[in-house]
Amino acid sequence: MIFHREGATVEKAFLLAAAEEGNKVLGGKPCLPNSQPWQAALFSGFRLICGGTLIHPSWVVSAAHCRKSSIFPVRLGEHHLRRIDWSEQLKLSSKAIVHPEFNRRTLNNDIMMIKLLTPATLNDKVKVLDLSTNCPEPGTKCLISGWGILSVFGGSPTYYGMLKVFRKIL
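For the sequence shown, the UniProt record's numbering assigns the number 1 to the initial residue and increments by one for each residue that follows.
Please keep in mind that the hints were generated in silico from the structure rather than gathered at the bench.
In this text, a Cβ means the ideal position worked out from N, Cα and C, and glycines have one as well.
Some hints could be false.
[What the hints assert, rightly or not] Here are the simulated DSBU-like cross-link-like pairs (lysine-lysine), alpha carbons at most 30 Å apart as the crow flies: (1) 127 <-> 164; (2) 95 <-> 127; (3) 127 <-> 141; (4) 127 <-> 68; (5) 141 <-> 125; (6) 68 <-> 164; (7) 168 <-> 125.
[As the list claims (entries may be wrong)] Simulated DEER-style distance windows between Cβ atoms: (8) 90 <-> 137: 35 to 41 Å; (9) 135 <-> 45: 35 to 41 Å; (10) 103 <-> 44: 19 to 25 Å.
Just need the whole structure built from these sequences, with the hints factored in.
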């Protein structure tokens with residue numbers, strides 16, 4: 001999931017972990033195509049397992065609980081998971097580095113770095129998120145984006161496009 005301060009430019013964007021709502025984008029609304037060019041989709045075979053954020057042409061950050069293996073497909077430049085618009089880049093990971101103090105039971109330190117086998121080709125549909133150097137204040141509204149279930153009752157997505165929702169940081 002990506003958190004982006006409301007009204008801020010990409011240069012002021014920042015990333016936070018969001019494990020509490022799992023794979024749901026509750027209250028999510030469709031994003032404009034390619035409006036989140038740093039969003040990555042992580043797969044196990046043909047199944048979406050998690051989202052991630054491109055922070056360098058060769059590195060994606062995601063949640064550690066998403067790690068199924070060290071090598072898996074990563075799709076960049078993606079908007080709708082079931083449509084090809086030729087902006088997508090399919091990459092393979094070469095390794096996944098999980099935070100050394102990650103706890104699967106509590107989800108503390110739920111973060112991992114994914115090294116891509118070959119760097120992403122940066123363009124208007126695939127960009128690196130410029131991470132902020134300061135922490136947001138509690139109560140700051142942030143944008144969360146990704147692919148997920150729209151309600152607590154759904155088991156698989158009914159809408160395969162990218163979604164966004166604004167939430168306050170606690």
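Now for the hints, and whether the structure bears them out:
1. 127 <-> 164: This hinted pair holds, its Cα atoms lying about 18 Å apart.
2. 95 <-> 127: holds (21 Å)
3. 127 <-> 141: holds (23 Å)
4. 127 <-> 68: With Cα atoms ~25 Å apart, residue 127 and residue 68 stay inside 30 Å; holds.
5. 141 <-> 125: holds (25 Å)
6. 68 <-> 164: holds (25 Å)
7. 168 <-> 125: holds (27 Å)
8. 90 <-> 137: 35 to 41 Å: Holds, since residue 90 and residue 137 (Cβ atoms, about 38 Å apart) stay within the stated range.
9. 135 <-> 45: 35 to 41 Å: At roughly 37 Å between Cβ atoms, residue 45 and residue 135 fall inside 35 to 41 Å, so the hint holds.
10. 103 <-> 44: 19 to 25 Å: holds (22 Å)
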